[in-house]
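Chains as they are written, first to last, in this note's numbering: chain A, 8 to 279; chain B, 193 to 458; chain C, 2 to 350.
Keep in mind the hints are simulated off the structure, nothing from the lab.
You may find that some hints are simply not true.
[Said to hold, decoys possible] Taking lysine-lysine pairs in the DSS-like style, the calculated list, with each CA pair at most 30 Å apart, reads: (1) C:251 x C:99; (2) C:57 x C:205; (3) C:114 x C:99; (4) B:226 x C:99; (5) C:99 x C:57; (6) B:418 x A:11; (7) C:265 x C:57; (8) B:418 x C:265; (9) C:265 x B:226; (10) A:191 x B:226.
Since this is a predicted model, take the numbers as computed values, not measurements.
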Amino acid sequence: MNRKLLAAPYLVWVAGFIIIPLLFILGKALTTADGGFTLQNIAAIASPIHRKALLLSLQLALLCTVICVLLAYPLALIVRSSKLNQQSIVMFILILPMWMNFILRILALQMLLSNNGILNMILSRFSIAPLEIINTPAAIVFGMVYDFLPYMILPVMNSILSIDNNLIAAARDLGANGFHVFWKVIFPLSLPGVASGITMVFVPAMTAFVISDILGGGKIQLLGNVIEQEFSVSMDWNLGSGLSVALMLFILATSLLLGRGQNQSDRGRLLW
Amino acid sequence: MVKKLFSRLYVGLIILFLYAPIAVLIVLSFNDSKSRVVWGGFTTRWYSEVFSNSTILSAFATTIALALLSALIASVIGTLAALGIDRMRRKQYQVVMFFTNIPLLNADIVTGIALMLWFVRFLPLGFTSLLLAHVTFNIPYVILCVLPKLRQMDVNLYEAARDLGANSRTAFFKITFPFILPGVLSGFFLAVTMSMDDFVITYFTKGAGVNTLSTMIYGEIRKGIKPEMYALSTILFLIILLLLILMNIVPRLKNREQTASAVRDF
Amino acid sequence: MKKWCYLAAAVCCAALTLSGCNNKEETESLTIFNYGEYMDPDVIDMFEEETGIEIKYEEATTPEEMYTKYSSGAISYDLLCTSDYMIQRLINEGEVQKVDFSSMQHTGNIGDKYWEFASVFDPDNEYALPYFWGTVGILYDTTKVDAPVDSWDVLFNGDYANNIIMPNSQRDAFMVALKYLGYSLNTSDEAQIREAQQLLLQQKPDVQSYLVDEARDEVVAGNAAMAVVYSGEAYLGHEYNNNLAYTIPKEGSNVWLDTWIVTKHCQNVDAAEKFLDFLCREDVAAMNFEYIYYSTPNEAVINSLDPELRNNESLVPADSATDNCEVCTQTDAAVTQLYSDLWKELKSE
């Protein structure tokens, strides 16, 4: 049997519930309020305000992704070396907090970080100067890392934990030191997991807006805020859709560029 | 030794980071004040009030049903999709993955409104439309969790099983599936998370009178989130924690018994 | 791994049972669209019991959200409660049915003043029934603010730098600046609106945050000295922290009014009118008032309040307090676009 056929139900789903709604968005993006054709809504991404929001989103999302990788990777290595045989339990402990409602968690985080918040109360007990992090980009990145970290941990841990011990033993037998084992065996084998994690963290982080509204105090405008504003306040669906489409094109272009940079070998490619 | 200490510290810090806001929520569930920023003394009354509030309970039931069903359907479709995508050539692969990323990429309000405009044409809004919407944004998470496992898998294992006479189904269920199962489970869990957290898409695709906990919570933000919500979250949290502990301890006790009886028999 | 399969199976069974219990028999029913937490749930139960009409109740957080969902035609709403300018839009678009309020039993409870507010967007009072109303003003912490607050000036003079919370909604934020400058909040004069934006731009470094829903809690918690909030929030804030006070600045402000309308899709107008009349009944209006604690236009309820609440300025403002206040009306497309652009510019700084 051709295994590609297994993707058929999904492709039907993609056609029915992703492509068709996407056509609605494209339709809005390519028309004016009166229904005439225009490219202005998409080109609007280049206007100074939108470009600034896009660049800021890009910066914060990248920073968030990098921090997530840096936090998740050592964690996965530690769990691997601790020889815990209950991997699913570790996974569960890491994902359990996510099952409390998102908005409740972000509000709790705001209570922790705010100027008279819990964290500063604790710090003042130890006579440490209070942190003034709330309503800054740092708070937004903090919130994003908090919200997205499990999306990095799970795929990274999955791929690192399933590396065959025999491979590592073999590498050691052949004289590889700890660093070589990591660089030549563990790292390459963990890449697909890291790539998935990057997708699941970076891509949604580009359009986050609740976190920037609550933890950023509404003072920092990300592209997600602009799109949300166009749809839900100005009710300019055309411009909102245009910006969304522009963001899609941007991500598509990035992934194609990254894809081109890679070798053709089937196993080594990144996921996007 | 230092290394071990450091490792413990690191894991501890990450767990502290993830659980600190949860601790805040649990404390709030015992707060005898309707405002989240005022401590009005200790109370357990929100816990009894949760169970007499039929609106919250029905929203809770809908939330759980929706999360589990949508995650399950997404896991099945997503796993099959990942198996297929894994075999695709580069170009096909890139195209499919682009569409897979779209639900992750689009701001929720864009996806929500687009799905609503589409559903309105053939479906009355209700539980079904919610389920379709949730499955749609859940599938990518499953695919992204399963694909890396497939990439990592040694093709030779599967081939070896085939060579030894296993048919393709047996080979799949004996070799491939157990290997990718952790990925499928991760995808399932992430899908449950996504479904429980979503507000915007749910709002636009739900019918009148259908509520989930998220839609209720968003409606309450201005007037102050009802403390019953914290209580309900705490209960949910403790139930899952309890399940987790049981699932761990019971098999261990069983193992111990077996070892003990084996020793006795000997 | 077996246990996971058992778990999954159990989970599916549970999910199917849970999802199965959503069907109900069709009876006479009304589909109602309202803001979140904007009606005592017991009121709905009472209405269902008294009339046998089943209520399908749906909530939203913003007028725009309501409009989007309403206009998609996804759900055929019978009754809808939203804010002044959105009601105006719906009336202008012909989405609303005329209702003869004078023939109803309890609509007399609504004071003349409020029908007058409503006449700004519904000139002959033939569509919209006042439900709750209030003002926009400054909620401040008297332990942090010494000088008496009676002007929008405190937000702009820099005395409380980094201690101010402004509204995270373009119309409300511009309203503050426009009123401070002495202009109408419904102005369509581009120069005036740009002048207001300049003022907001200068103010931005002093602003701690732009919030809507969380503003009250931030002042209650002592994270900020003052915030621009709706009057109903002020009452709740005072309940949690006695040091808070509320003022409507002398330059004037926005008076908002949420009203009910019957949509053109409503088939069962009788039932809809019954519901509206029910809302005006003294005991029902009192229940809602005690649930929501926003200012009620129901004079029967106001007159029977105990003196403490009756004299609370944020709940029952004196007639003179709203003298300089205006009801917010819908802006035309060009002005909406201008607001949106200027707001994004402000936020992007």
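Do the hints match the structure? See the list:
1. C:251 x C:99: Not satisfied, since the Cα-Cα distance of roughly 37 Å exceeds 30 Å.
2. C:57 x C:205: 43 Å, violated
3. C:114 x C:99: Since the Cα atoms of residue 114 of chain C and residue 99 of chain C sit roughly 21 Å apart, the hinted pair holds (cutoff 30 Å).
4. B:226 x C:99: Between residue 226 of chain B and residue 99 of chain C the Cα gap is close to 40 Å, so the pair fails against 30 Å, i.e. violated.
5. C:99 x C:57: Cα-Cα ~22 Å, so holds.
6. B:418 x A:11: 49 Å, violated
7. C:265 x C:57: 17 Å, holds
8. B:418 x C:265: Roughly 35 Å separates the two Cα atoms, so the pair is violated.
9. C:265 x B:226: 39 Å, violated
10. A:191 x B:226: Since the Cα atoms of residue 191 of chain A and residue 226 of chain B sit roughly 57 Å apart, the hinted pair is violated (cutoff 30 Å).
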